[in-house]
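Spelled out, the chains give:
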Amino acid sequence: MHTVVLTKGVPDFREGQVSFDEDGHLERGKTPTVMNPNDKHALRAALQTKVRHGGSVSLMSMGPPGYAEVLQEGMADVYADDLYLLSDREMGAADTWATAMTLATGLENLDEEPDVVFAGFKTADGETGHTGPQTEWCMDWPLVTHVIALDIDEEERTLRAKRLVEGDVKEIETVEAPLPCFVVADPDFEPTYRTAEHRLRYKDLREETQARAEEFGEYLDDETEKEPTDWDHFEMWNHEALNLDPDYIGLDGSPTIVAGVDPIPKAPSEREATMIDPSDEAGMESVFEEVKPYAGGD
Amino acid sequence: MTDDYEHYEAVVVGAGPGGAAAAATLANNGVETLVLERGVEAGSKNVSGGLIYAEQSAPYTIDGLFPNFREEATERPADEYYLHNVAGNKVKTVDMTDLHHTDTEWCDSVLRRRMDGWLEDRVHEMTRETGGGLLTEVRVNGLLREGGEIVGVTCDELDPIKADVIVAADGVNSELARDAGLMDWDEPDEWFQGVKAIVDMPEGAIEERFDIREDEGEAHLFSGDLFEGVRGGGLLYTNEDTLSIGTVFHLDSLVAEQAEPHELLDALLTHPLLAQWLGDDYEEIEYGAKLVPDSKKVAHPSPHEGRLMLVGDAAGQMQAQGPIIKGMNHAVTAGALAAEAFAQAQARGDESTAGELYEQKLRTEGVMDKLRPPQYELASVVGENERVTELGERVVNSPLGRAGLKVAEKTGVLERGFNSPFVMSIMPDTKLPYVTIPTALGEALGDRVTDENTIQPPDLADRIGDLTYDVGDPHIELVDNSFAASGDAVSACPVSATDFGGGCYRDEKVKTNGSEEHLVSLDTQPCVECGTCAIVADTDWDHPAGGKGVEFKQG
Ligand SMILES: Cc1cc2nc3c(=O)[nH]c(=O)nc-3n(C[C@H](O)[C@H](O)[C@H](O)COP(=O)(O)OP(=O)(O)OC[C@H]3O[C@@H](n4cnc5c(N)ncnc54)[C@H](O)[C@@H]3O)c2cc1C
Ligand code: SF4
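Residue numbers (numbering that gives the first Met the number 0), protein chains in the order written: chain A, 0 to 297; chain B, 0 to 554.
Bound conformation, chain A alone (with noise of 0.2 Å):
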């Protein structure tokens, strides 16, 4: 099984992590690059197929060449064996059509034709969750998506797996699908690995992936001696090594006209509060006043 995970480099949110200017407008600059959270989950179905059916995970993502240190995160993260990174100035300022191009062409230059393609869900900076549908159609493959469980059967080359439908309730549907075939994992993804070999395998890949994350750790702090992609495991291919047309990527092949933006207004620092004691009888009714209209009821 060669499976590929498409993920991609978002500011890192977390708390002291990312950093605003006065305007609420995100500096880049001061805010390291990491992988799309909901990328892992997409990494972790990868790794299931390739512990319970064997072959390899690769990684590829299109983005500047900074991004190879995203890669070499999801490498050691999730024991990846081999990470591609479509990267040149053409490539820059695309929207999601004009990525999903670009990465759909990356995967058909791969030697080997994957059997799965697998997405994360939305990413944390844009939020549309389209790269991945729109890569699809541009290779017109099947496509599951809110994918929770996942088995597939090597001999009969289909997939089938649980997803989840959204709606007023949610309802968890099966389906099955030939491979090739497209993936988008979602964050409820749960990998189970429920026999020793499995588990005994997941342990030699971490160790395997982990010695391999390292080295290539090595490659990167140390570019004065070694380019990245002298690295066995690592290879950047600019648009002419696809063979893109510059009109139809990059922002000359993005359609998406960004209008405007607006910051999000920060929340305001001081609120009303008003002090009741329980034991003052009225003003509890007042209380209970106040909330009945969130609780649902009448």
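The hints are simulated quantities; they were obtained by calculation from the structure and are not laboratory data.
Everything hinted at is true.
Here's a subset of chain A near chain B, in silico, CB distances under 7 Å, partners left out:
1) T194
2) A195
3) L199
Here are a few chain B residues that sit away from chain A, every Cβ distance over 12 Å (derived from the structure):
4) G29
5) A255
6) G278
7) G391
8) A402
9) G403
10) D428
11) K430
12) N480
13) D506
14) T511
15) K552
Computed footprint of chain A on chain B; a stretch qualifies when at least three of its residues, placed anywhere within it, have a C-beta under 8 Å from a C-beta of chain A:
16) 127–137
17) 149–161
Note that CB positions come from ideal geometry on N, CA and C, so glycine has one too.
Position chain B with the ligands relative to chain A; hints supplied.
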């Protein structure tokens, strides 16, 4: 359906010293071996004193199975060994180094998280070579049977696994031994309860206060009147940069005296004798507890059933030789012998004889005689007779008895008695040797300690607060919550106490329809999984699921 289950030649349950030795020996014999351990890391569930012995007479020792063990996994050697007989502020110290060195190749202090964690890596590597490996965070919850025969194990986290041999090295309160009907958890007098604090020491303090070098260490034991008459004693061992200070008491005595284990530990910690070692700044980094089986009473003479073999604490193979506690070394020997027996039976093409062969090896290698000294069985009939005990108490406390002690000291009989393996092996399980004689010795021959001990050990709430837990579902259920059935746990549980609401067991008076009921309630969140309430209360007692519950960082 069961044909779909995974199969390994051997499954070893538990990665303590017994499991590690069994797994390593199986792997050395080319057997495909899977080791299942419930802790997040081996050692994270384990507490011992602990001095690990390598006996000259033992067919297997831990450093024989794991090269570099002493260099990489232990704390300090225990070069000297003293017993302090305490009566109030008077202490008579007896040098027991000779007994300690008898049949001893070496003896080191260990901390279990470090030791077992180190063993885990080696065991995983060795067993991986033969197609198995070691998995943590997997709790085995029972035996898999087919047509009444044991054929494997069932787990919380994994599908059932079949095996040609199952080595239960799951320690005291072995769920597998219970499931097989080989051990019951009924009688408090078959167990000890051990409680221990790890105390951080400033750099250089151990060397200075014990007057030893960095590569030297000491063991100190304590008995006498400092433990409210409870049968048992205290211990202090030097580690690399911490001290292990603990107590080990007969569980039945603890229950009979309704003593609070943490208070008995505090009685030791705050005794003036310890001031010289503890100084003024006391920093306790871990509080832990665990039951200890008394091999004299529970070492199973035939610890196997079908494909199942019990080793170590699971089989009750924990020898208390006077104050000397030998559990880890016997677990190692038994684990390796069980593995060797299976490998030989397998080579002969008749795996079903492995259990018998293991039993035979325990006898011929002399392990059984150490665990259940034949002389004890004889002597205890007399020594544990009530009238004899009463007489002994009177003699020791009489002027004549006191004079006798002095003579014994002068003539060297005293020191020789304490250093005689034979005398230690027939020591009756009564107050006489644990409390009466040591107290009399302290009083008659002791020197007064004038140091002032100013330390303040943390209270139970702080001790619990400092522990790490990943709380899962409740793993112990009260079957009978009447105080009469389960009330003993309120004081005997090392993290509960009468008048303390933050522990596991609480004493409750409930008024219903005018009458008052005396009940106990249980909250397993602060549980340190010592096993005490499995014996002294009416419970359905299981270990928590893999990776859940308390996580010891020291052990
Ligand atoms: C306070 C105290 C002081 C002691 N002092 C000494 C001493 O100085 N010297 C000495 O030699 N001995 C001492 N002992 C005794 C010694 O600790 C034990 O005899 C020894 O640890 C037994 O080894 P074992 O391998 O049989 O079991 P353990 O070391 O208890 O190992 C059992 C392992 O099995 C795992 N396990 C249990 N149930 C399951 C399950 N269902 N599924 C999966 N895994 C499971 C546990 O997590 C654990 O890792 C002391 C004990 C105590 C409590
Ligand atoms: S609840 Fe039971 S097992 Fe847990 S610490 Fe208390 S006595 Fe020990």
